Every structure is written in C-alpha cells, then in structure tokens.
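Chains as they are written, first to last, in the numbering used here: chain C, 292 to 677; chain H, 292 to 677.
Heads up, some of the hints might be wrong.
For the chain C half of the interface with chain H, some residues (derived, Cβ under 10 Å), not all of them [said to hold, decoys possible]:
# : residue
1 : ILE363
2 : ARG457
3 : TYR608
4 : SER615
5 : ASP654
6 : LEU656
7 : GLY657
It should be emphasised that the hints constitute simulated quantities derived from the structure, not laboratory data.
None of these values were measured; they are calculated from a predicted model.
No residue lacks a Cβ here, since even glycine has one placed at the ideal position from N, Cα and C.
Protein chains: 2
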Amino acid sequence: MSSSKFGFKLIKLDGKARQGIMQTRHGAVLTPAFMPVATQGSVKSLSPTELTEVGAHIILSNAYHLYLRPGIDLIEDIGGLHNFMNWKGPILTDSGGYQVFSLGSLIDLNDEGVTFRSHIDGTRHLFTPENSISYQERLGVDIAMCLDQLVASNKGKELVKNAMQRTHKWAERCKTAHSSSQQALFGIVQGGVSKTLREQSAQFITNLEFDGYAIGGLAVGETKSDMYKIIDYMDNLLPRTTPRYLMGVGSPEDIVHSVMRGVDLFDCVLPTRVARNGALFTQTGRVDIMAPKYKRWFKPLEEDCVCYTCQNFTVAYIHHLFKSRELLAPRLATIHNLKFIMGLMKNIRSHIAEGTFQSYSQDFLGKYTPTNETSRLFHKNRLSPI
Amino acid sequence: MSSSKFGFKLIKLDGKARQGIMQTRHGAVLTPAFMPVATQGSVKSLSPTELTEVGAHIILSNAYHLYLRPGIDLIEDIGGLHNFMNWKGPILTDSGGYQVFSLGSLIDLNDEGVTFRSHIDGTRHLFTPENSISYQERLGVDIAMCLDQLVASNKGKELVKNAMQRTHKWAERCKTAHSSSQQALFGIVQGGVSKTLREQSAQFITNLEFDGYAIGGLAVGETKSDMYKIIDYMDNLLPRTTPRYLMGVGSPEDIVHSVMRGVDLFDCVLPTRVARNGALFTQTGRVDIMAPKYKRWFKPLEEDCVCYTCQNFTVAYIHHLFKSRELLAPRLATIHNLKFIMGLMKNIRSHIAEGTFQSYSQDFLGKYTPTNETSRLFHKNRLSPI
C-alpha cells in the first residue's frame with residue numbers, strides 16, 4: 292500500500308542535480324538531504340535537541356539492531372520509535388539486510404529469508420521480507436526499506452546476479468506485505484557495477500511502484516570511478532518523480548559527486564564515526580584533531596563555522612579533550628561534523644535552486660582534499676569504542 | 292595576600308546549618324553549595340551550557356591533572372582555565388596533594404615537597420607549596436587550595452600527626468607564596484579523627500588567616516560516625532565569618548549531615564561517577580537503571596524532576612542506552628544526578644533561610660535510603676572507562 296502521507300516534489304533540476312521536497316508524516320524534508328545514523332535509537336553522543344540544532348531533518352535507524360535490543364514489542368508498546376527516542380522528525384529504517392551481512396553473523400540465506408546469529412547473545416533469528424516489513428511498520432517509522440540481499444561488488448557477476456534476483460523476489464513480497472498507509476516503502480535496486488544488471492533491476496523494481504528507490508550494493512568495495520559511473524547510469528533508469536536514496540554514502544566529496552548524478556538522499560556513519568575518532572571536517576578536508584600541531588591552536592577549528600563547538604571552544608581544548616579521553620570530545624566533534632555535512636547539504640540545495648550547482652561543486656571539490664587511505668582506515672577505528 | 296575580589300557573608304544560621312553568600316571574581320555563590328568536579332577541565336560528558344542548566348554555580352578542577360596535561364603554560368597562554376574550558380562561573384582548584392597520594396604515584400615525600408611519577412607518561416615531577424600555588428595562580432582560578440599532606444585516618448595517630456605538622460609548615464609557605472590579589476586561598480585543617488589534633492590544626496591554620504578553611508583528611512576510610520563527629524567538632528574551631536569546605540564529600544545523606552554540622556562547600560566525583568555507571572538518584576535512594584525492572588518503565592525516573600533527562604526521556608530509553616553502551620547514556624544520567632544534587636542544595640538553602648532546616652533534613656533522611664556497600668562498590672566501578 293502506498294502511503295497517503297508521503298509525497299515527493301521535484302522543484303528544480305540543474306544538470307542532473309535535483310532539488311526537491313519530501314513530505315512525510317513527521318514533516319517535510321528538503322532534498323538533497325543527509326540522514327544522520329541512529330543505529331540503536333541514538334545518534335551517538337547527541338541529544339535530539341542537538342540533532343535539531345545541527346540541522347538534521349530526517350534520521351536513519353536500524354530495524355536489525357532495534358529488533359535485537361530493546362525489541363520491536365517494547366518500542367511498539369511505548370508508542371513507536373519516535374516516542375522511544377523522543378525524535379519528532381521523520382525516521383527511515385534500514386531493513387536489517389546490510390547488518391546481517393556486514394556483521395558476519397549470517398547462518399543461512401535462502402529464498403525464504405536470512406537466518407543469523409545475534410551479535411549480542413548468539414541466539415538464532417530469521418528475517419524474511421514479511422517480518423522485516425512488519426517490524427518496520429510496528430516501529431512506526433516514516434519510511435521503511437525492503438529487505439534486500441547485498442553482495443560486495445567484487446564477488447563476481449554470477450553472485451551479484453543471483454543476489455539481485457533474490458532481491459527482486461523479496462521486493463515483491465515486501466510490497467505485498469506492506470499494509471501501513473502511514474508509512475512509505477522504498478524499493479532497492481541491486482546489480483553491482485554491471486550496467487546490464489542495474490538496468491534489469493531498475494526496471495523490475497520500478498515496475499513494482501514504490502514510494503522511492505534506493506541504489507543498493509554500492510560503496511561496498513568497488514572503485515570510486517565505478518561507483519560514480521553506476522550512479523550516473525541510474526539517473527535515467529529511475530523515475531524523476533520519486534526520491535532516490537544512495538545507501539551508505541558518504542564522504543563530503545562522494546555526496547557532491549552523487550548529487551551531481553541525481554541522488555536525493557544519503558545516510559552514512561562516516562561523519563559521526565570519524566568524529567568520535569578525532570577526524571573533523573574542514574572546507575579543505577578532514578583534519579586529525581589529535582595531531583601535535585593542534586595542541587596550541589588557540590582558535591576555533593573554522594572561524595566562520597556556526598556550530599556549537601566552533602562557537603564555544605578552541606581547537607586546543609578539543610585536542611586536550613581527545614588526548615584525555617573525555618566524553619565531551621566525541622560529542623563536540625560529532626556536532627561539528629554533522630553541522631558541516633548539514634551546511635554542505637544546505638549549500639547544495641540553494642545552489643541547485645539558483646542553477647549554480649555546477650560551479651559550486653567544482654569550487655567545493657577544488658578546495659576539499661579527500662582523505663587518503665591511511666587516514667581513512669586510521670580514523671575509522673582509532674579510539675573505538677568511544 | 293588576601294583577595295580583594297573575594298568575600299563571604301553569613302546570612303542565616305539555623306542550628307549549626309549556615310546559609311551564606313560567597314563572592315568571587317567570577318560571580319556569587321549561594322551556600323551551602325556543591326561543586327561538580329571537572330578533573331581534567333571538563334565535567335565528564337557535559338557542556339558548560341548543561342552545567343549552567345543543572346544549576347552549577349561553581350566547579351572544581353584539579354591542578355595536578357592540568358599541570359600534567361595540557362600543562363600550566365598552555366592554559367596560562369590561552370588566558371586561564373575559564374577561557375580554556377569556556378566556563379564563566381567561579382572555579383576552585385585542588386592543589387594536587389590528594390591525587391599524588393590517591394593515584395599511588397608517590398615517589399618521595401619530604402619537607403620540601405612531594406615527588407611523584409606522572410600517571411600519563413611516567414616522568415618525575417616535584418610539587419612544592421610554592422609551585423603548587425604558582426600553578427593555581429597561573430590557571431587564573433577564583434579559589435586556590437594549599438598543598439597538604441593526606442593520610443588515611445586509620446593509619447595511626449603518629450602518622451596523622453606528622454602529616455598534620457607538615458601540612459602546617461606547607462600552609463605557611465603557601466600563604467607566603469600566594470601573591471595574587473585576584474584569587475582567594477583556602478587553608479586545610481588536618482588531624483584525622485583525633486579531636487586534639489583537629490583542635491591544634493584548626494588553631495594553627497586559622498591563625499594564618501586564609502580566605503576560607505577546608506576540612507581535609509575525612510571521607511578517607513574512617514567510619515561515618517567518626518566523620519560526622521569530627522565535622523561537628525570543627526564547627527566551633529573554625530571562624531564563623533569564612534566559608535568551610537568539606538573536601539571530597541559526597542553522597543546526598545552526607546551532604547545533609549554535614550550542612551547540619553556547619554559546612555558550606557562540598558565537592559565530590561560521586562554524583563557524576565556513579566551516573567556514568569548507571570546509578571541514578573531518586574528521593575528514596577539511588578537506583579540501578581540497568582536492573583531488569585527498568586526495561587519496560589515507560590515513565591520518567593521522577594515525574595516531578597525538572598532535569599532535561601526526566602523531561603524528555605523514559606527510564607526504558609535510558610535503560611536501553613546503558614545496555615547498548617550508547618554515549619548518550621552517561622550524559623543523561625549525569626544531568627539527572629547533578630540536577631538532583633543542585634536541587635538538594637537549593638532546598639537546603641531555602642529551608643535554612645526559613646529556619647526549617649531541621650525538619651527538612653529529618654524528612655529527607657527519613658525518605659532517602661543510603662546506598663549499601665555492595666551497590667556502592669559496584670557503581671563506583673562497573674562500566675569504567677565510560
């Protein structure tokens with residue numbers, strides 16, 4: 292069933308870049324938009340008040356994690372995920388497929404569904420298209436995602452094709468199972484880095500008529516140029532009239548490159564995760580706040596940044612908090628990084644609206660140096676579990 | 292030199308309980324007051340904004356920790372500790388004596404001072420009365436503490452007496468070394484649980500004429516009844532016209548018992564530390580928020596609590612955050628516990644002002660069940676390093 296409360300309107304095209312507005316039961320979202328990730332019902336270290344202050348309009352949570360803890364029943368009984376976490380804006384949930392594969396807890400995968408072992412207590416669980424949809428409906432979120440099968444794009448075309456075909460069958464079952472008129476349901480296009488498979492998948496999935504379409508199976512090991520090429524190719528394969536969501540992306544440069552190719556929605560743990568490890572965004576690239584040169588940096592990280600962190604604290608203080616492993620450190624860094632990404636999205640939207648996105652994106656990409664591989668891996672893991 | 296910016300006025304006596312106002316360069320503090328502890332220049336997990344919101348009027352930081360990291364030079368160069376941490380209210384610093392003993396990093400102790408090994412990198416450092424005062428002056432805090440020698444009160448009278456005598460010599464040197472007219476200096480009375488020694492120490496220290504007096508060497512292993520007895524005895528030994536600060540206390544019941552015996556100022560890591568381990572204060576005692584019964588507690592912890600946590604979240608959500616080791620968990624718990632303590636201090640002050648402190652304290656102590664020893668140790672350590 293399609294959601295009566297959901298809608299998308301494309302306001303302006305600038306090249307392939309799209310500026311639109313997505314209506315949900317919990318309010319409107321201007322697109323392109325980035326969704327901060329609240330995996331377990333909390334954007335790590337931030338209060339809902341701070342999420343609003345950094346400019347988040349929609350967040351993503353995770354049906355898999357919430358199913359395991361605290362349990363769907365509990366959240367349903369308390370009146371849904373919005374009530375549970377006291378977030379008043381829209382929420383999209385991931386179906387759980389990605390976690391089952393990425394957490395390596397997969398036990399069995401067949402046409403019925405996926406059986407996995409809980410990463411918390413080792414118990415066995417089965418996710419099917421039907422119960423995944425039911426869980427997301429009971430969570431009361433604004434946008435549910437179909438259960439899909441994910442394969443790293445370097446696994447060979449046969450595996451990618453099989454996963455795509457299973458994703459198609461599951462998408463049909465998700466569509467049939469979905470009964471909430473309060474909730475939108477997005478389909479997921481698979482097909483790895485093959486244009487042929489992407490074409491087949493887009494055709495199959497869009498024929499089912501979902502409220503929006505996600506590009507799945509990217510940012511999972513393929514090269515950047517392959518990723519951009521597929522996103523670019525998808526533009527013509529997806530309807531203009533519905534939102535397009537690129538799952539698991541991303542970095543500032545990837546967001547700009549993807550908007551340029553027609554994407555409307557993003558989610559990624561990157562800005563919040565690297566923040567907790569001391570990597571902060573600036574207009575020229577990510578910096579390591581723990582580097583010795585920042586010990587005596589007696590200024591805000593970015594003089595013109597309007598985030599709470601830059602408005603109130605010097606880099607020297609944030610450096611000290613990280614060195615001392617203070618709990619305020621990941622929080623101040625998270626606030627800055629999310630405000631940076633939200634500022635980027637705002638700039639992107641206004642430049643598309645004014646028809647100046649191309650020069651804006653060239654300007655941004657010209658200044659912003661993407662993170663090199665060494666730093667990338669370092670900041671992905673350094674200080675965990677903070 | 293006495294501070295020209297510092298003053299204390301006793302407004303009302305109710306039995307031995309005192310309600311007063313302490314003037315500092317960074318504003319006035321109504322007493323009795325509790326100082327949240329910002330050991331390394333941050334009250335763990337809270338922003339300065341939140342500290343203000345919970346009602347903190349003065350905080351405590353630590354010269355020993357700041358000396359080792361980020362260093363006194365750095366904080367002086369950035370314009371003092373207030374600037375460094377962006378806290379606009381008064382700050383008192385501990386001299387560092389307590390940490391040298393409690394962190395077990397003591398190498399040598401003689402009349403000159405105390406040599407210790409850094410708990411961070413193992414380097415050797417000497418704290419003398421003179422440099423401890425100099426460090427605190429350069430931090431730019433409102434109230435400095437004399438360097439003292441601390442001995443657990445069960446170590447035998449001879450050791451306690453020797454430590455007291457050294458504390459006296461050091462107090463003279465601190466007083467001589469102190470040159471800031473911007474900063475108050477408090478003397479510390481030692482003497483363990485011996486009335487004779489406490490009498491000698493109070494006489495010696497008060498003769499030096501400090502801006503305020505601390506009761507040191509309590510809450511370090513003696514029985515509660517010995518602690519209350521000594522606090523009670525101190526009331527007559529200390530001037531009425533200066534603030535009295537009981538170092539390292541404490542729990543809600545200890546605060547009430549000590550105010551009853553004439554104490555004006557308190558500091559303790561307890562409310563913030565146990566919060567990070569899931570122990571939250573209520574009017575009837577501390578509760579373990581991770582206990583199974585709280586999993587489905589769909590209400591705030593205290594219905595009439597005005598803290599951000601109780602105003603916005605159910606116990607079930609806080610329980611979930613702790614179970615999931617989310618960074619928001621220690622923060623929400625810290626906000627609640629500090630608001631609880633600040634509410635207690637506010638009630639104490641208004642009841643002294645109205646002359647009803649005795650019945651208020653009986654009522655509070657009648658309802659509030661102190662934490663038993665098992666829970667106490669459990670919540671002191673459970674989830675560290677969160």
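Self-check item: Violations among the numbered hints, reported as their numbers in ascending order
Solution: Hints 1, 2, 5, 6, 7 contradicted; others consistent.
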